[in-house]
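S.K.: Sequences are here, hints too, so could you generate the full structure?
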Amino acid sequence: MKLYAITISANMIYLHNNESEIKSRCLQLEPYNEVCQYMKGLSHVAMGQFYEGIKAQTKVMLNDPLPGQKASPEYLKVKYLREYSRYLHAHLDTPLTEYNIDIDLPGNFKDHWAKNLPFLIENYEEQPGLQPHIKDVLFQNFESYRTDVQELICVADHLGSMMQYETPGFLPNKRIHRAMGLATLEVMQAVQRTWANSKVRMNGKTRLMQWRDMFDIAVKWRRIADPDQPVLWLDQMPARSLSRGFNNHINLIRGQVINMRYLEYFEKILHFIKDRILVYHGANNPKGLMEVREALEKVHKVEDLLPIMKQFNSKTRDGFTVNTKVPSLKDQGKEYDGFTITITGDKVGNILFSVETQTTEERTQLYHAEIDALYKDLTAKGKILILSAELGEADAVCNLILSLVYYFYNLMPLSRGSSVIAYSVIMGALMASGKEVSGKIPKGKLVDFEAMTALGSEAFSKIARSWMNLKSISPSYKSLPSVSETFPTLRTMIEVLNTDSSQCLKKTVVVV
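Here the sequence shown stands for residues 1 to 512, numbered as in the UniProt record's numbering.
Derived by calculation from the structure, the hints in this document are not laboratory data.
Where is the CB? At the ideal position from N, CA and C, for every residue including glycine.
Treat each hint with caution, since some may be false.
[To be verified] Distance windows between CB atoms, simulated:
hint : residue 1 : residue 2 : range
1    : Glu52     : Ser438    : 33 to 43 Å
2    : Tyr124    : Ser243    : 14 to 24 Å
3    : Asp275    : Asp148    : 50 to 60 Å
4    : Gly444    : Gln131    : 41 to 51 Å
5    : Ile386    : Ser466    : 24 to 34 Å
6    : Asn197    : Ser438    : 47 to 57 Å
7    : Arg146    : Lys330    : 43 to 53 Å
8    : Lys268    : Lys334    : 50 to 60 Å
9    : Leu130    : Thr97     : 22 to 32 Å
10   : Lys443    : Pro481    : 33 to 43 Å
M.R.: Structural data, given as C-alpha coordinates:
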(Lines of atoms letter the chains of each structure in order from A and count residues from 1; the text may use other names and numbers.)
(Lines give C-alpha, C1' and ligand atoms only; values in the text may rest on other atoms or scores of the structure.)
Protein backbone atom coordinates (compact mmCIF):
# COMPACT_ATOMS: atom_id res chain seq x y z
CA MET A 1 0.00 0.00 0.00
CA LYS A 2 2.91 2.31 0.82
CA LEU A 3 4.47 1.66 -2.61
CA TYR A 4 1.15 2.41 -4.31
CA ALA A 5 0.83 5.69 -2.39
CA ILE A 6 4.38 6.72 -3.35
CA THR A 7 3.69 5.87 -7.01
CA ILE A 8 0.52 7.97 -7.04
CA SER A 9 2.28 10.85 -5.25
CA ALA A 10 5.21 10.85 -7.69
CA ASN A 11 2.89 10.90 -10.69
CA MET A 12 0.74 13.66 -9.17
CA ILE A 13 3.78 15.83 -8.47
CA TYR A 14 5.13 15.30 -12.00
CA LEU A 15 1.78 16.02 -13.64
CA HIS A 16 1.54 19.26 -11.67
CA ASN A 17 4.89 20.25 -13.21
CA ASN A 18 6.84 20.19 -9.94
CA GLU A 19 9.97 18.47 -11.30
CA SER A 20 12.27 19.73 -8.56
CA GLU A 21 9.81 18.54 -5.91
CA ILE A 22 9.97 14.99 -7.26
CA LYS A 23 13.74 14.95 -6.89
CA SER A 24 13.46 15.84 -3.21
CA ARG A 25 10.17 14.65 -1.69
CA CYS A 26 9.75 11.34 -3.49
CA LEU A 27 13.29 10.09 -2.86
CA GLN A 28 13.21 11.30 0.75
CA LEU A 29 10.25 9.00 1.35
CA GLU A 30 11.87 6.00 -0.34
CA PRO A 31 15.52 6.51 -1.45
CA TYR A 32 15.68 3.28 -3.48
CA ASN A 33 12.15 3.32 -4.86
CA GLU A 34 12.13 2.47 -8.58
CA VAL A 35 9.25 4.82 -9.37
CA CYS A 36 10.99 7.72 -7.63
CA GLN A 37 14.27 6.99 -9.43
CA TYR A 38 12.47 6.86 -12.78
CA MET A 39 10.60 10.09 -12.06
CA LYS A 40 13.84 11.73 -10.95
CA GLY A 41 15.49 10.78 -14.25
CA LEU A 42 12.45 11.91 -16.22
CA SER A 43 12.24 15.24 -14.39
CA HIS A 44 15.94 15.97 -14.97
CA VAL A 45 15.58 15.24 -18.70
CA ALA A 46 12.41 17.35 -18.99
CA MET A 47 14.37 20.28 -17.51
CA GLY A 48 17.37 19.68 -19.79
CA GLN A 49 19.66 18.21 -17.10
CA PHE A 50 20.67 15.18 -19.16
CA TYR A 51 23.73 14.03 -17.21
CA GLU A 52 21.83 13.67 -13.93
CA GLY A 53 18.80 12.33 -15.78
CA ILE A 54 20.65 9.47 -17.45
CA LYS A 55 22.44 8.67 -14.19
CA ALA A 56 19.05 8.14 -12.48
CA GLN A 57 17.73 6.18 -15.48
CA THR A 58 20.72 3.83 -15.33
CA LYS A 59 19.91 2.99 -11.70
CA VAL A 60 16.45 1.86 -12.79
CA MET A 61 17.93 -0.18 -15.68
CA LEU A 62 20.22 -2.05 -13.26
CA ASN A 63 17.24 -3.12 -11.16
CA ASP A 64 16.54 -6.28 -13.20
CA PRO A 65 13.41 -8.22 -12.19
CA LEU A 66 14.02 -11.57 -10.48
CA PRO A 67 13.28 -14.79 -12.42
CA GLY A 68 9.50 -15.16 -12.67
CA GLN A 69 8.95 -11.59 -11.46
CA LYS A 70 6.95 -9.23 -13.67
CA ALA A 71 8.91 -6.20 -14.84
CA SER A 72 7.62 -2.87 -13.54
CA PRO A 73 6.22 -0.25 -15.95
CA GLU A 74 9.22 1.96 -15.13
CA TYR A 75 11.69 -0.81 -15.98
CA LEU A 76 9.92 -1.36 -19.33
CA LYS A 77 10.02 2.35 -20.19
CA VAL A 78 13.41 3.42 -18.92
CA LYS A 79 15.61 2.21 -21.80
CA TYR A 80 13.39 4.01 -24.31
CA LEU A 81 13.68 7.16 -22.21
CA ARG A 82 17.46 6.82 -22.00
CA GLU A 83 17.83 6.42 -25.78
CA TYR A 84 15.44 9.31 -26.43
CA SER A 85 17.33 11.44 -23.86
CA ARG A 86 20.60 10.83 -25.68
CA TYR A 87 19.00 11.80 -28.99
CA LEU A 88 17.57 15.01 -27.52
CA HIS A 89 20.87 15.95 -25.92
CA ALA A 90 22.75 15.48 -29.21
CA HIS A 91 20.30 17.84 -30.94
CA LEU A 92 20.04 20.52 -28.22
CA ASP A 93 21.64 23.21 -30.37
CA THR A 94 20.68 22.00 -33.86
CA PRO A 95 18.03 24.20 -35.53
CA LEU A 96 14.67 22.44 -35.26
CA THR A 97 14.13 22.83 -39.00
CA GLU A 98 17.21 20.71 -39.79
CA TYR A 99 16.15 17.31 -38.39
CA ASN A 100 13.09 15.10 -37.93
CA ILE A 101 12.55 12.76 -34.98
CA ASP A 102 10.07 10.59 -36.89
CA ILE A 103 12.67 9.94 -39.59
CA ASP A 104 15.78 9.79 -37.39
CA LEU A 105 14.66 7.29 -34.74
CA PRO A 106 14.80 3.63 -35.88
CA GLY A 107 11.43 2.22 -36.98
CA ASN A 108 11.40 -0.77 -34.62
CA PHE A 109 12.43 1.46 -31.72
CA LYS A 110 9.45 3.77 -32.39
CA ASP A 111 7.08 0.83 -32.83
CA HIS A 112 8.11 -0.87 -29.57
CA TRP A 113 8.16 2.40 -27.63
CA ALA A 114 4.69 3.47 -28.76
CA LYS A 115 3.29 0.02 -27.89
CA ASN A 116 5.14 -0.07 -24.54
CA LEU A 117 6.77 -3.40 -25.42
CA PRO A 118 9.89 -4.80 -23.70
CA PHE A 119 13.09 -3.39 -25.19
CA LEU A 120 13.94 -6.45 -27.30
CA ILE A 121 14.93 -4.96 -30.65
CA GLU A 122 17.12 -7.00 -32.99
CA ASN A 123 20.31 -5.36 -34.26
CA TYR A 124 19.53 -2.14 -32.41
CA GLU A 125 22.36 0.37 -32.46
CA GLU A 126 22.35 2.56 -29.37
CA GLN A 127 22.31 6.34 -29.62
CA PRO A 128 25.76 7.89 -29.02
CA GLY A 129 26.54 8.72 -25.41
CA LEU A 130 26.39 12.28 -24.10
CA GLN A 131 28.95 14.55 -25.76
CA PRO A 132 30.95 16.64 -23.22
CA HIS A 133 30.99 19.73 -25.45
CA ILE A 134 27.16 19.89 -25.36
CA LYS A 135 26.27 21.44 -22.01
CA ASP A 136 23.07 20.91 -20.08
CA VAL A 137 20.30 23.50 -20.23
CA LEU A 138 20.75 26.36 -17.76
CA PHE A 139 17.86 28.01 -15.94
CA GLN A 140 16.76 31.31 -17.48
CA ASN A 141 15.21 33.99 -15.29
CA PHE A 142 11.99 35.46 -16.62
CA GLU A 143 13.56 38.93 -16.37
CA SER A 144 16.40 37.88 -18.69
CA TYR A 145 13.96 37.75 -21.62
CA ARG A 146 13.13 40.89 -23.59
CA THR A 147 9.87 42.61 -22.61
CA ASP A 148 8.08 41.45 -25.77
CA VAL A 149 9.19 37.84 -25.15
CA GLN A 150 7.92 38.08 -21.56
CA GLU A 151 4.57 39.16 -22.99
CA LEU A 152 4.70 36.22 -25.41
CA ILE A 153 5.21 33.80 -22.50
CA CYS A 154 2.36 35.31 -20.48
CA VAL A 155 -0.02 35.13 -23.45
CA ALA A 156 1.04 31.51 -24.09
CA ASP A 157 0.30 30.57 -20.47
CA HIS A 158 -3.19 32.00 -20.82
CA LEU A 159 -3.91 30.34 -24.18
CA GLY A 160 -2.67 26.98 -22.91
CA SER A 161 -4.95 27.15 -19.87
CA MET A 162 -7.91 27.44 -22.27
CA MET A 163 -7.24 23.86 -23.39
CA GLN A 164 -7.55 22.33 -19.91
CA TYR A 165 -10.22 19.64 -19.57
CA GLU A 166 -12.53 20.07 -16.56
CA THR A 167 -12.99 16.32 -16.26
CA PRO A 168 -11.97 13.77 -13.58
CA GLY A 169 -8.58 12.28 -14.44
CA PHE A 170 -7.14 15.34 -16.20
CA LEU A 171 -4.84 17.32 -13.92
CA PRO A 172 -3.66 20.81 -14.90
CA ASN A 173 -0.03 20.89 -16.01
CA LYS A 174 1.42 24.38 -16.41
CA ARG A 175 4.31 23.10 -18.50
CA ILE A 176 1.90 21.58 -21.03
CA HIS A 177 -0.20 24.77 -20.91
CA ARG A 178 2.78 26.94 -21.83
CA ALA A 179 4.03 24.55 -24.50
CA MET A 180 0.66 24.32 -26.22
CA GLY A 181 0.07 28.06 -25.83
CA LEU A 182 3.35 28.69 -27.65
CA ALA A 183 2.31 26.09 -30.23
CA THR A 184 -0.95 27.99 -30.77
CA LEU A 185 0.90 31.26 -31.37
CA GLU A 186 3.42 29.61 -33.68
CA VAL A 187 0.61 27.97 -35.69
CA MET A 188 -1.11 31.37 -35.95
CA GLN A 189 2.07 33.02 -37.25
CA ALA A 190 2.89 30.17 -39.67
CA VAL A 191 -0.63 30.06 -41.14
CA GLN A 192 -0.65 33.85 -41.57
CA ARG A 193 2.66 33.62 -43.47
CA THR A 194 1.27 30.81 -45.64
CA TRP A 195 -1.83 32.80 -46.55
CA ALA A 196 0.48 35.67 -47.49
CA ASN A 197 2.28 33.29 -49.90
CA SER A 198 5.35 32.78 -47.73
CA LYS A 199 7.13 29.44 -47.54
CA VAL A 200 8.32 27.48 -44.50
CA ARG A 201 11.61 25.72 -43.81
CA MET A 202 11.20 22.07 -42.85
CA ASN A 203 13.94 19.41 -42.62
CA GLY A 204 16.43 21.69 -44.35
CA LYS A 205 14.11 22.47 -47.28
CA THR A 206 12.04 25.56 -48.05
CA ARG A 207 8.55 24.94 -49.45
CA LEU A 208 4.88 25.82 -49.06
CA MET A 209 3.38 24.68 -45.76
CA GLN A 210 1.15 21.59 -45.82
CA TRP A 211 -1.38 20.51 -43.19
CA ARG A 212 1.09 18.13 -41.55
CA ASP A 213 3.58 20.98 -41.09
CA MET A 214 0.86 22.88 -39.24
CA PHE A 215 0.32 19.95 -36.87
CA ASP A 216 4.07 19.31 -36.59
CA ILE A 217 4.44 22.70 -34.93
CA ALA A 218 2.18 21.53 -32.10
CA VAL A 219 3.76 18.05 -32.11
CA LYS A 220 7.27 19.42 -31.41
CA TRP A 221 6.02 21.45 -28.40
CA ARG A 222 4.00 18.54 -27.01
CA ARG A 223 6.99 16.22 -27.35
CA ILE A 224 9.44 18.38 -25.47
CA ALA A 225 6.95 19.32 -22.74
CA ASP A 226 6.77 15.68 -21.60
CA PRO A 227 9.55 13.37 -22.89
CA ASP A 228 7.94 10.43 -21.06
CA GLN A 229 5.33 10.03 -23.80
CA PRO A 230 6.15 8.93 -27.36
CA VAL A 231 4.35 11.46 -29.59
CA LEU A 232 4.94 9.86 -32.99
CA TRP A 233 3.23 9.86 -36.38
CA LEU A 234 1.78 6.40 -36.88
CA ASP A 235 2.11 6.48 -40.67
CA GLN A 236 5.88 6.85 -40.17
CA MET A 237 6.04 3.49 -38.38
CA PRO A 238 7.62 0.45 -40.12
CA ALA A 239 5.56 -1.01 -42.99
CA ARG A 240 5.06 -4.28 -41.10
CA SER A 241 3.56 -2.43 -38.15
CA LEU A 242 1.25 -0.44 -40.42
CA SER A 243 0.04 -3.53 -42.29
CA ARG A 244 -1.01 -5.10 -38.98
CA GLY A 245 -2.72 -1.92 -37.86
CA PHE A 246 -1.89 0.27 -34.87
CA ASN A 247 -4.64 0.22 -32.28
CA ASN A 248 -5.51 3.22 -30.13
CA HIS A 249 -7.37 1.43 -27.33
CA ILE A 250 -9.36 2.93 -24.43
CA ASN A 251 -11.07 0.87 -21.74
CA LEU A 252 -14.28 2.57 -20.59
CA ILE A 253 -15.35 -0.18 -18.18
CA ARG A 254 -13.16 -3.10 -17.15
CA GLY A 255 -14.80 -5.32 -14.56
CA GLN A 256 -15.58 -3.09 -11.59
CA VAL A 257 -13.33 -0.26 -12.81
CA ILE A 258 -15.02 2.65 -14.60
CA ASN A 259 -12.92 5.14 -16.57
CA MET A 260 -14.26 8.39 -15.12
CA ARG A 261 -12.69 10.49 -17.87
CA TYR A 262 -15.27 9.29 -20.38
CA LEU A 263 -18.32 8.94 -18.13
CA GLU A 264 -20.06 11.85 -19.86
CA TYR A 265 -20.12 9.84 -23.12
CA PHE A 266 -21.51 6.53 -21.84
CA GLU A 267 -25.12 7.51 -22.53
CA LYS A 268 -24.32 8.90 -25.97
CA ILE A 269 -22.48 5.71 -26.94
CA LEU A 270 -25.31 3.60 -25.49
CA HIS A 271 -27.86 5.38 -27.72
CA PHE A 272 -25.60 4.86 -30.73
CA ILE A 273 -25.28 1.12 -30.00
CA LYS A 274 -29.05 0.80 -29.62
CA ASP A 275 -29.58 2.49 -32.99
CA ARG A 276 -27.10 0.15 -34.68
CA ILE A 277 -28.75 -2.90 -33.09
CA LEU A 278 -32.14 -1.77 -34.43
CA VAL A 279 -30.67 -1.22 -37.91
CA TYR A 280 -29.13 -4.71 -37.80
CA HIS A 281 -32.35 -6.42 -36.72
CA GLY A 282 -34.38 -4.34 -39.17
CA ALA A 283 -32.29 -5.82 -41.98
CA ASN A 284 -31.85 -9.36 -40.63
CA ASN A 285 -34.83 -9.96 -38.34
CA PRO A 286 -37.68 -7.61 -39.36
CA LYS A 287 -40.37 -9.76 -37.71
CA GLY A 288 -38.69 -9.58 -34.32
CA LEU A 289 -37.82 -5.88 -34.56
CA MET A 290 -40.64 -4.71 -32.29
CA GLU A 291 -39.64 -7.16 -29.55
CA VAL A 292 -36.01 -6.02 -29.78
CA ARG A 293 -37.07 -2.36 -29.64
CA GLU A 294 -39.16 -2.95 -26.49
CA ALA A 295 -36.28 -4.78 -24.81
CA LEU A 296 -33.81 -2.00 -25.66
CA GLU A 297 -36.12 0.66 -24.21
CA LYS A 298 -35.60 -0.98 -20.80
CA VAL A 299 -31.81 -0.80 -21.09
CA HIS A 300 -30.35 2.26 -19.32
CA LYS A 301 -26.77 1.07 -18.78
CA VAL A 302 -24.18 -0.34 -21.18
CA GLU A 303 -23.70 -3.34 -18.90
CA ASP A 304 -27.31 -4.40 -19.46
CA LEU A 305 -26.87 -4.72 -23.23
CA LEU A 306 -25.06 -8.06 -23.17
CA PRO A 307 -27.99 -10.16 -21.85
CA ILE A 308 -30.30 -8.52 -24.41
CA MET A 309 -27.93 -9.24 -27.29
CA LYS A 310 -27.49 -12.85 -26.20
CA GLN A 311 -31.25 -13.25 -26.02
CA PHE A 312 -31.87 -12.08 -29.59
CA ASN A 313 -28.67 -13.15 -31.34
CA SER A 314 -27.07 -16.55 -30.74
CA LYS A 315 -23.85 -15.32 -32.43
CA THR A 316 -23.25 -12.85 -29.61
CA ARG A 317 -21.99 -15.44 -27.09
CA ASP A 318 -19.48 -13.54 -24.95
CA GLY A 319 -19.69 -10.17 -26.66
CA PHE A 320 -20.23 -8.03 -29.73
CA THR A 321 -18.75 -5.07 -31.61
CA VAL A 322 -20.29 -2.01 -33.25
CA ASN A 323 -18.46 0.20 -35.75
CA THR A 324 -18.95 3.93 -36.21
CA LYS A 325 -18.80 5.61 -39.61
CA VAL A 326 -17.41 9.01 -40.57
CA PRO A 327 -19.15 10.70 -43.55
CA SER A 328 -16.93 12.21 -46.24
CA LEU A 329 -17.21 15.85 -47.29
CA LYS A 330 -15.06 15.29 -50.37
CA ASP A 331 -17.13 12.40 -51.77
CA GLN A 332 -20.79 12.75 -50.83
CA GLY A 333 -22.32 9.43 -49.75
CA LYS A 334 -18.95 7.87 -48.94
CA GLU A 335 -18.11 6.83 -45.38
CA TYR A 336 -14.86 6.00 -43.59
CA ASP A 337 -14.30 3.66 -40.66
CA GLY A 338 -14.51 5.53 -37.37
CA PHE A 339 -13.89 3.66 -34.12
CA THR A 340 -14.98 0.23 -32.89
CA ILE A 341 -17.05 -0.23 -29.73
CA THR A 342 -16.59 -3.61 -28.06
CA ILE A 343 -18.58 -5.13 -25.21
CA THR A 344 -17.48 -8.54 -23.94
CA GLY A 345 -18.06 -10.60 -20.80
CA ASP A 346 -20.35 -13.18 -19.33
CA LYS A 347 -22.15 -11.19 -16.64
CA VAL A 348 -22.61 -7.71 -15.16
CA GLY A 349 -19.53 -6.85 -13.10
CA ASN A 350 -17.29 -8.86 -15.37
CA ILE A 351 -17.49 -6.97 -18.66
CA LEU A 352 -15.08 -5.09 -20.85
CA PHE A 353 -16.51 -2.01 -22.54
CA SER A 354 -13.93 -0.37 -24.78
CA VAL A 355 -13.41 1.79 -27.86
CA GLU A 356 -10.62 1.34 -30.34
CA THR A 357 -9.31 3.17 -33.39
CA GLN A 358 -7.34 1.00 -35.79
CA THR A 359 -4.82 2.92 -37.87
CA THR A 360 -4.13 0.92 -41.02
CA GLU A 361 -2.35 2.15 -44.14
CA GLU A 362 -5.54 2.06 -46.24
CA ARG A 363 -7.61 3.93 -43.63
CA THR A 364 -4.86 6.52 -43.22
CA GLN A 365 -4.70 7.19 -46.97
CA LEU A 366 -8.48 7.76 -47.13
CA TYR A 367 -8.38 10.27 -44.28
CA HIS A 368 -5.29 11.97 -45.70
CA ALA A 369 -7.10 12.51 -49.01
CA GLU A 370 -9.98 14.12 -47.10
CA ILE A 371 -7.68 16.35 -45.05
CA ASP A 372 -5.61 17.26 -48.15
CA ALA A 373 -8.75 18.49 -49.93
CA LEU A 374 -9.90 20.51 -46.92
CA TYR A 375 -6.45 22.05 -46.41
CA LYS A 376 -6.26 23.06 -50.08
CA ASP A 377 -9.66 24.73 -49.76
CA LEU A 378 -8.65 26.34 -46.45
CA THR A 379 -5.47 27.80 -47.95
CA ALA A 380 -7.37 29.23 -50.93
CA LYS A 381 -10.06 30.79 -48.72
CA GLY A 382 -7.43 32.00 -46.24
CA LYS A 383 -5.65 33.92 -49.00
CA ILE A 384 -8.99 35.53 -49.95
CA LEU A 385 -9.74 36.31 -46.30
CA ILE A 386 -6.60 38.38 -45.73
CA LEU A 387 -7.65 40.57 -48.68
CA SER A 388 -11.29 40.78 -47.60
CA ALA A 389 -13.08 41.67 -44.38
CA GLU A 390 -16.38 40.00 -45.30
CA LEU A 391 -18.02 38.05 -42.47
CA GLY A 392 -18.99 35.21 -44.79
CA GLU A 393 -15.37 34.48 -45.69
CA ALA A 394 -14.30 34.34 -42.03
CA ASP A 395 -17.20 32.00 -41.25
CA ALA A 396 -16.28 29.68 -44.12
CA VAL A 397 -12.64 29.57 -42.97
CA CYS A 398 -13.73 28.74 -39.41
CA ASN A 399 -15.87 25.83 -40.64
CA LEU A 400 -13.02 24.52 -42.80
CA ILE A 401 -10.61 24.59 -39.83
CA LEU A 402 -13.04 22.68 -37.62
CA SER A 403 -13.87 20.21 -40.40
CA LEU A 404 -10.19 19.51 -41.06
CA VAL A 405 -9.52 18.87 -37.38
CA TYR A 406 -12.69 16.71 -37.17
CA TYR A 407 -11.07 14.24 -39.57
CA PHE A 408 -7.75 14.49 -37.72
CA TYR A 409 -9.48 13.53 -34.46
CA ASN A 410 -11.24 10.58 -36.09
CA LEU A 411 -8.03 9.42 -37.76
CA MET A 412 -6.03 9.61 -34.49
CA PRO A 413 -2.72 9.70 -36.42
CA LEU A 414 -0.41 10.12 -33.41
CA SER A 415 0.65 7.59 -30.79
CA ARG A 416 -0.07 10.10 -28.00
CA GLY A 417 -1.26 13.67 -27.54
CA SER A 418 -3.61 13.93 -30.55
CA SER A 419 -6.30 15.78 -28.60
CA VAL A 420 -4.37 18.77 -27.24
CA ILE A 421 -2.25 18.99 -30.40
CA ALA A 422 -5.36 19.26 -32.56
CA TYR A 423 -7.00 21.81 -30.26
CA SER A 424 -3.92 24.05 -30.31
CA VAL A 425 -4.05 23.90 -34.12
CA ILE A 426 -7.75 24.88 -34.01
CA MET A 427 -6.98 27.87 -31.78
CA GLY A 428 -3.93 28.95 -33.78
CA ALA A 429 -5.56 28.64 -37.20
CA LEU A 430 -8.65 30.50 -35.98
CA MET A 431 -6.40 33.29 -34.69
CA ALA A 432 -4.77 33.46 -38.12
CA SER A 433 -8.26 34.01 -39.54
CA GLY A 434 -8.90 36.87 -37.12
CA LYS A 435 -10.92 34.96 -34.51
CA GLU A 436 -9.94 34.12 -30.95
CA VAL A 437 -11.36 31.37 -28.73
CA SER A 438 -12.55 33.06 -25.53
CA GLY A 439 -14.69 30.26 -24.09
CA LYS A 440 -13.41 27.31 -22.07
CA ILE A 441 -14.14 23.67 -22.87
CA PRO A 442 -17.30 22.77 -20.88
CA LYS A 443 -17.03 20.58 -17.79
CA GLY A 444 -17.08 16.89 -18.66
CA LYS A 445 -16.44 17.48 -22.36
CA LEU A 446 -13.49 15.98 -24.27
CA VAL A 447 -12.89 17.57 -27.67
CA ASP A 448 -11.60 14.38 -29.30
CA PHE A 449 -14.65 12.41 -28.14
CA GLU A 450 -16.95 15.20 -29.30
CA ALA A 451 -15.47 14.76 -32.78
CA MET A 452 -15.50 10.96 -32.64
CA THR A 453 -19.13 10.77 -31.53
CA ALA A 454 -20.45 13.58 -33.76
CA LEU A 455 -22.64 12.58 -36.71
CA GLY A 456 -20.42 14.53 -39.10
CA SER A 457 -18.09 17.50 -39.48
CA GLU A 458 -20.97 20.01 -39.48
CA ALA A 459 -22.31 18.61 -36.20
CA PHE A 460 -18.84 18.83 -34.64
CA SER A 461 -18.36 22.40 -35.89
CA LYS A 462 -21.70 23.42 -34.42
CA ILE A 463 -21.04 21.99 -30.96
CA ALA A 464 -17.43 23.29 -30.84
CA ARG A 465 -18.51 26.80 -31.79
CA SER A 466 -21.19 26.71 -29.09
CA TRP A 467 -18.54 26.83 -26.34
CA MET A 468 -15.65 28.57 -28.13
CA ASN A 469 -17.37 31.96 -27.94
CA LEU A 470 -15.33 33.29 -30.85
CA LYS A 471 -14.48 36.99 -30.84
CA SER A 472 -12.38 39.25 -33.05
CA ILE A 473 -8.69 38.95 -32.33
CA SER A 474 -6.83 41.87 -30.77
CA PRO A 475 -4.42 43.76 -33.08
CA SER A 476 -1.79 43.50 -30.31
CA TYR A 477 -1.14 39.85 -31.23
CA LYS A 478 0.65 41.18 -34.32
CA SER A 479 3.29 42.84 -32.13
CA LEU A 480 4.31 39.56 -30.48
CA PRO A 481 7.72 38.25 -31.61
CA SER A 482 8.03 35.21 -33.87
CA VAL A 483 7.85 32.02 -31.80
CA SER A 484 9.96 29.99 -34.25
CA GLU A 485 12.69 32.65 -34.38
CA THR A 486 12.69 33.28 -30.62
CA PHE A 487 12.94 29.56 -29.77
CA PRO A 488 14.77 27.98 -32.75
CA THR A 489 16.37 25.04 -30.88
CA LEU A 490 15.47 22.41 -28.28
CA ARG A 491 17.65 24.27 -25.78
CA THR A 492 15.68 27.50 -26.15
CA MET A 493 12.39 25.58 -26.01
CA ILE A 494 13.34 23.83 -22.76
CA GLU A 495 14.60 27.11 -21.30
CA VAL A 496 11.29 28.86 -21.87
CA LEU A 497 9.31 25.91 -20.49
CA ASN A 498 11.48 25.94 -17.35
CA THR A 499 11.26 29.66 -16.61
CA ASP A 500 9.07 30.87 -13.74
CA SER A 501 6.35 33.14 -15.10
CA SER A 502 4.65 33.97 -11.80
CA GLN A 503 5.18 37.64 -12.66
CA CYS A 504 2.57 37.21 -15.39
CA LEU A 505 -0.04 37.30 -12.63
CA LYS A 506 0.98 40.90 -11.93
CA LYS A 507 0.44 41.81 -15.57
CA THR A 508 -2.61 41.80 -17.79
CA VAL A 509 -2.39 38.22 -19.05
CA VAL A 510 -5.05 38.40 -21.74
CA VAL A 511 -4.18 40.37 -24.85
CA VAL A 512 -6.80 43.11 -25.18
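S.K.: Between Leu130 and Thr97, does the C-beta distance stay in 22 to 32 Å?
M.R.: Since Leu130 and Thr97 have Cβ atoms about 24 Å apart, the given range 22 to 32 Å holds.
S.K.: Just tell me: holds or violated, for the beta carbon distance of Glu52 and Ser438 against 33 to 43 Å?
M.R.: Given a distance of about 42 Å, which is inside 33 to 43 Å, the answer is holds.
S.K.: Do the Cβ positions of Asn197 and Ser438 conform to the proposed distance bound of 47 to 57 Å?
M.R.: violated (30 Å)
S.K.: Assuming the hint says 41 to 51 Å, is it satisfied by the Cβ distance from Gly444 to Gln131 or not?
M.R.: Cβ of Gly444 to Cβ of Gln131: about 48 Å, so the range 41 to 51 Å holds.
S.K.: When you take the CB atoms of Lys268 and Lys334, is the distance between them in 50 to 60 Å?
M.R.: For Lys334 against Lys268, whose Cβ atoms are near 24 Å apart, the range 50 to 60 Å is violated.
S.K.: Indicate whether the distance between the beta carbons of Asp275 and Asp148 respects the range 50 to 60 Å.
M.R.: Roughly 54 Å apart at Cβ, these two residues keep to the hinted range, so it holds.
S.K.: If you check the beta carbons of Tyr124 and Ser243, does the distance land in 14 to 24 Å?
M.R.: Distance hint for Tyr124, Ser243 holds at roughly 21 Å.
S.K.: Measuring from beta carbon to beta carbon, are Arg146 and Lys330 in 43 to 53 Å?
M.R.: Check passed, 45 Å falls within 43 to 53 Å.
S.K.: Taking the Cβ atom of Lys443 and the Cβ atom of Pro481, is their distance within the range 33 to 43 Å?
M.R.: holds (35 Å)
S.K.: Is it true that Ile386 and Ser466 lie within 24 to 34 Å of each other by Cβ?
M.R.: holds (27 Å)
Comparing the model with each earlier hint shows violations of hints 6, 8; every other hint is respected.
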